[in-house]
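Protein chains: 2
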Amino acid sequence: MFENLRFSGKRPIYLQIKDYIKKMILAGLLQPGVKLPSTRELAEMLKVSRNSVISAYQYLEDDGFILMEKGRGAFVSFTEVKSEPGLVLTWEEMVTDYARLAAALDIEKKELKWEKGMISFKSIAPDPSLFGLEDFKKSFLQRFSLEGAKLLNYGYAKGYKQLMEYIMEYMKNKGLNPAGKDIMITNGFTEGFNLVLSALLHRGDRIVCENPTHNTAIKIMNLAGLRICGVKMREDGICVEELKKLLAGGGIKAGFLIPSYHNPTGLVMSPEKRVEILKIFTDYQVPIIEDGFNEELRFSGSHVAPLIALSGKGNGVIYIGSFSKILFPGLRIGWVIGDAKLISYLESVKRSANIHTSFPDQAILYEYLQNGYFERYLKKARKVYKERHDCAVRLARQYIPATRIWGEGGLHIFVELAGVNARTLLRECYKRNVLYMPGDIFYTNGGGENAFRLGISRVNLEQIETGIKVIGEVIEGLQ
Amino acid sequence: MFENLRFSGKRPIYLQIKDYIKKMILAGLLQPGVKLPSTRELAEMLKVSRNSVISAYQYLEDDGFILMEKGRGAFVSFTEVKSEPGLVLTWEEMVTDYARLAAALDIEKKELKWEKGMISFKSIAPDPSLFGLEDFKKSFLQRFSLEGAKLLNYGYAKGYKQLMEYIMEYMKNKGLNPAGKDIMITNGFTEGFNLVLSALLHRGDRIVCENPTHNTAIKIMNLAGLRICGVKMREDGICVEELKKLLAGGGIKAGFLIPSYHNPTGLVMSPEKRVEILKIFTDYQVPIIEDGFNEELRFSGSHVAPLIALSGKGNGVIYIGSFSKILFPGLRIGWVIGDAKLISYLESVKRSANIHTSFPDQAILYEYLQNGYFERYLKKARKVYKERHDCAVRLARQYIPATRIWGEGGLHIFVELAGVNARTLLRECYKRNVLYMPGDIFYTNGGGENAFRLGISRVNLEQIETGIKVIGEVIEGLQ
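So the sequences go chain by chain: A and B.
Counting from 1, one number per residue, gives the positions in the first sequence under the numbering used here.
Counting from 1, one number per residue, gives the positions in the second sequence under the numbering used here.
Some clues are possibly wrong.
Cut-off 27 Å, straight-line C-alpha distance, at most; resulting in silico cross-link-like pairs (DSSO-like, lysine-lysine) [stated by the list, open to error]:
id, chain 1, residue 1, chain 2, residue 2
1, B, Lys174, A, Lys35
2, B, Lys150, A, Lys380
3, A, Lys383, B, Lys23
4, B, Lys150, A, Lys110
5, B, Lys379, A, Lys47
6, A, Lys174, B, Lys23
7, A, Lys109, B, Lys158
8, B, Lys10, A, Lys150
9, A, Lys10, B, Lys172
10, A, Lys23, B, Lys380
11, B, Lys150, A, Lys137
12, A, Lys158, B, Lys113
By construction, these hints were calculated from the structure, which means they are not laboratory data.
Chain A extracted, bound-state conformation:
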C-alpha cells in the first residue's frame, strides 16, 4: 500500500511520508502492533533518501502514532477508538436569536454576487494595485530586523505602543487635544464600534444617527439590540431641527455620526455645522460616536477638523478611525480615541474579546507610516480616486435621470432616481453584467427604494463609462 504514495508540491518529502502513514493508521489500514517496513526498504520502495524515511518515522513517533523498538523496528502504536453512533444534534433549532439575526442581516449572503467579467460598483474596497507592495515588504523586513521574534509573541490589548503614539500624533495634526484622552487599537472600525456599543449602551437603548448611514453600522446597532433613531439628511448633512427635537424628547443615549465623506451620501459636514451639532449634543449631554470613515480621502477644499478635535478639552466624543478603508483592509487595523477612563474599560472588553489585535500587523503598519510611505500612497491614491470620482459624477449626471446625485469625495457616489425602483433596476443591470449596492440597505427604517450607491474604487475609467451607460440604458428600457 505504500507504493500508492505520490509526492506533490513543495512540502518536504519526509512530512508527506508522515502524513500518508498517519492517514493509513487512522483509516485502520495499518492496525496497532503492525510492523512498518524498515527505513531502508521503504526508502527503496518510494525512491527517496533513507534520511527522509528516518525523519518521517521520528515525527510519527513524536506524534504518538508509532513506537520504535531498538533492534526490532517500528510498530503502529495508535489505537483508534470510535464512539458509535456519536452525538447528532439539529443545529438549526439550537442556535440563538443573535446568530439568526446576524445571518439575516448578512448582506454578503443575500445580495447579488460579483462574477468574473462583471463591472461592479458594489465595492468600496481600495484598489490593491495602488498599494505599493514593495513599501510594505520593506516595512516588514525593517521592523523584524529591529525587534525580532518577540513581535510574534503575545502583545497588549491596548495595542502596539509605537503605533498608538504615531496615531495620537497623527490625530493631533487634525487638531485633537490629547489631554485626558487615550487610544486603543482594534480589528478595524467594525470591531471598534462593537466594543464601544457594548461598553456604552444596553439592549433597548435608543441611539441617533444619520439616515441613510453606513450599512455595517446599522447591522451592528441592530445586533446590539438598540432602537435606531435615524435623522433625515438635508443638502448640507443631518437635519438639525429633527435632531434637536429627538434629543429634546429625552431617552437618547448616544449619537453615531459620519461627518466626513458620509457613507453612503459622500457629504462633508461644514465646520459651522459641526460646531452647531456639537453644541446640541452638549446641551443634552449625549455622547457622540464619530466615524472617521475615509476622512483621508478629501479631494478638494480646506481641512475640516473632526468633531473630537472641535470639542477641544471635552471628553464627550469617541472617535473611531481606520486606515483599513483605504489602506490594507486585509490587516484589520483601526483605533478608538476617547476619554482615558473609557478607554481603560474598553481595554478590558477588548482583552476579553480576542486578547489583542495582531502585533506583527500593527508593527509593520507603524513602520510603513513612520517611513512616510502612507503620505506617498495617499497622494497617488487621491489622484486616481479623484479622477474616477469626477468621472462617475460627470457621467451619472449625463446618463442617469436622477433627482439628486450626492458625493463630495470618498470612494463612492449616491444616486437618487426619479421614480425608478433601484432593486428592479439592479436585477436588469445584473443581466447586463453591471452591479451596484441598492440604497435601501443604508436606511434605518425603510426608504431608499429609489437610491443606489456606486463605488468607484474597483473600476477603471473605461468600466465606469461602460457601466454608467448600461445603467442609463436599462432605465430607459424600464420607462
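Fit chain B to the known structure of chain A by using the hints.
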C-alpha cells in the same frame, strides 16, 4: 519660529516639515491668511533641499492646510474652529455593567506584575527564542511573491481558503471525520469561544465544565451571563458521577471541556474516558465545546484522538483549536470546526464582529505550515519544554510540600499545597522576586486557595531551580 524645527529619526525630511507647520497652524501660531516663507527661503533657513520644502508645501495643500497661489506664494487656509466649553461627561457613571464586569474580571489589571529581574512562572506564553524567525520571514516573502498586493485587501469572514484546507487536513490526521463539517478562522481561541457562546447560549443558560478550568474561559462564560456548573477533577480527569448527575438534572445547555493538557492541571483524559464522556453527553443530547489547548505539546504516550474525532460522523462536538498557544501568539489565529450549518451562522457572527481575521497573517501562517516549518519547530519546542517540565516536576516534588503536583505535559504544572494559602505565599515570594499564578483564578466558584500554577515556558532550567527553591524556602518560613 521655523528655526525651532529639529529633524530626528528616519522619517522623511519633507514630512517632518509638513508635520511641524501643521502643528503651528493648529496651535494658532500661523493664522489663516498668513503667507508662508517662499520654498527657497525656508530651504535656506532649515538647511534642507528646496525640493523637500516644495514637497512639504504640496502635502500641506493636499491636506487642506495651505493654499498655493500662482506667483504669489503659499497662504495658511485652515480656519481653526473651537467649540467651547465642549461636551464633558462622567464616563465612570455611564459605562455598562458589561464593561464594568470585563474590567473587574481582567486579571491583567489586578494580579502582581512581573518586573525586570524577576523569575516569573506566571506566563504560559511560548518562548520566542524558539520561534525560528527566518522561517517566518521566508514564509512572508514566498507568500507575497505568489499572491502580491491582493493579500492586503479585504478577505473572507470564514478565512483564507488554503489555511482552512490545510487545517482540515491537519485535523483529519488527528482522526477527524470531515463529513458535514466546516471550519472558520478566528482571532485565536478567545474569539472562537466568544463567537460559539454567542451563537449557542443565552444569558442565564447553564454550562458545565471542569473545575478548575482555563481562567480566560471562566471570564468569557461569566461575561456571557452564563451560570457555570464546575465539575470537580479526579486523578484521571473530570468526575464522571458528578457530571452524570448534573446532566440528568436537566437544563444544561452545553459542556466546555479541555481533554488534553487540561489548563491548569495538565491532565490528559484517557481514550476510554473520552468515549465514556461522549456517551454521557450523547445520552442527554448536550453539545460539547472542546478546547484543543496545547494538544500539540504531548511529551510522551500514544496519540489520543480529540473528542470531535472520536464522535465520528456525529456533529455534536465543536472543536476550538489554536496554534497561538505554542506558535506566534502575536498573530492571533485560531479556528472552530463543527457542523457546517453551525459554522455558517458563526461566519455571519464573525463578519459582524470584525469582518475577518488578518489575511496576511493567515497567508503567512499557511505558507509556514505548508513548508513543514511547524513540524520542525515543534520537534525543537517539545524537547526544550519537556526538559523544563520534567525539571519543574522533579524540583517541585523535592522542595515544595504539596498534597499533589499535577502535570502530564504542556507548559505548566499545578501544585496543591498542604495547608498553605497560595496568595499569602505569593506575596512573600514576590518580595524575593518569584512570581506564579495563584490557583483560585481557575476555580468556577471558590476553591483553589492552596493551589498555584507554575508556567515553565518563559524560564530556563537555572531559573526553574532558583525559583522553586525560593518557593520552598518561603513555605518553610511561613510554617
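Results of checking the hints against the structure:
1. For the given pair, B/Lys174 sits about 21 Å from A/Lys35 by alpha-carbon distance, which is consistent with the 27 Å threshold.
2. A threshold of 27 Å between alpha carbons decides the hint, and for B/Lys150 with A/Lys380 the separation of about 18 Å falls inside it, so the pair holds.
3. Restraint check for A/Lys383 and B/Lys23: satisfied, since their Cα atoms lie roughly 25 Å apart, inside the 27 Å limit.
4. The straight-line distance between the Cα atoms of B/Lys150 and A/Lys110 is roughly 24 Å, inside the 27 Å bound, and the hint therefore holds.
5. Restraint check for B/Lys379 and A/Lys47: satisfied, since their Cα atoms lie roughly 25 Å apart, inside the 27 Å limit.
6. Note on A/Lys174 and B/Lys23: the hinted pairing holds, with a Cα-Cα distance of about 9 Å set against a maximum of 27 Å.
7. Taken as a hint, the A/Lys109 and B/Lys158 pair is honoured in the structure, with Cα atoms around 12 Å apart against an allowance of 27 Å.
8. For the suggested pair B/Lys10 and A/Lys150, the alpha carbons sit about 23 Å apart, so the restraint of at most 27 Å is met.
9. At most 27 Å may separate the alpha-carbon atoms for a hinted pair to count; A/Lys10 and B/Lys172 meet this at roughly 20 Å.
10. Between A/Lys23 and B/Lys380 the alpha-carbon distance is near 24 Å, which keeps this suggested pair within the 27 Å criterion.
11. Distance restraint check for B/Lys150 and A/Lys137: the Cα-Cα separation of roughly 14 Å lies within the 27 Å cut-off, and the hinted pair is therefore satisfied.
12. Distance restraint check for A/Lys158 and B/Lys113: the Cα-Cα separation of roughly 17 Å lies within the 27 Å cut-off, and the hinted pair is therefore satisfied.
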